[in-house]
Amino acid sequence: QVADVVLRQAVITPKEAMTAFSLLPLEGSGLPSLLQSGLNAPRILQVHKVALYCHNTLQEQNITPVNPPILPTEAQPGQPYYELELTCNGMLVPYDLSLSSVKKFIWRRSDDVVLHYSVRNPSRPAPMPDIQPPEPS
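The opening residue of the sequence shown carries number 273 in the working numbering; numbering runs sequentially from there.
Calculated from the structure, these hints are not laboratory results. All C-beta atoms in this analysis are idealised placements derived from N, C-alpha and C, irrespective of residue type, glycine included. Please note that the accuracy of each hint is not assured.
Ranges between beta-carbon positions, derived for each pair [claimed, not checked]:
1) E407 to P304: 40 to 50 Å
2) P408 to K376: 37 to 47 Å
3) I403 to N334: 31 to 41 Å
4) N334 to K376: 13 to 23 Å
5) R380 to A289: 39 to 49 Å
6) G362 to S305: 13 to 23 Å
7) N334 to D402: 31 to 41 Å
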């Protein structure tokens, strides 16, 4: 393996750099399950990429999760996946978090993270997680 890395410049991703997670529809959302709900991805992958994958996979099943914005300023052109809301442990998952941050600060368990997707409902948003900054040492 060392020779592959040095001679061929092959990139090896250590097993610890990957994380397993499930992507399931929120109960009562009316959205179907994805064909593949058990996934593996790099721990550093940001949640917005998971939402984009979910949106694209639903579109492949001819499902367009769209919730028209209340105000025109709420529209985010070119980012239709923002219509999806991802939750974990009943908490809204911010799109700028990585999967490892979701596991550490929201999931807080050693088993695989379970993310639920639904169409964003501005009148009933999921509660935000209480993520505390680390204590200074």
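Each hint, compared with the structure:
One distance hint, 40 to 50 Å for the beta-carbon pair E407 and P304, holds here, with the actual separation near 43 Å. At roughly 18 Å, the beta carbons of P408 and K376 sit outside the given window of 37 to 47 Å. Under the hint 31 to 41 Å, the C-beta atoms of I403 and N334, about 36 Å apart, fit the expected range. Separation of N334 from K376 is about 36 Å and departs from the stated range, judged on CB atoms against 13 to 23 Å.
Taking the beta carbon of each, R380 and A289 are about 21 Å apart, not inside 39 to 49 Å as hinted. Taken as a hint, the range 13 to 23 Å holds for the pair G362 and S305, whose Cβ atoms sit roughly 19 Å apart. About 38 Å separates the C-beta atoms of N334 and D402, a value consistent with the hinted range of 31 to 41 Å.
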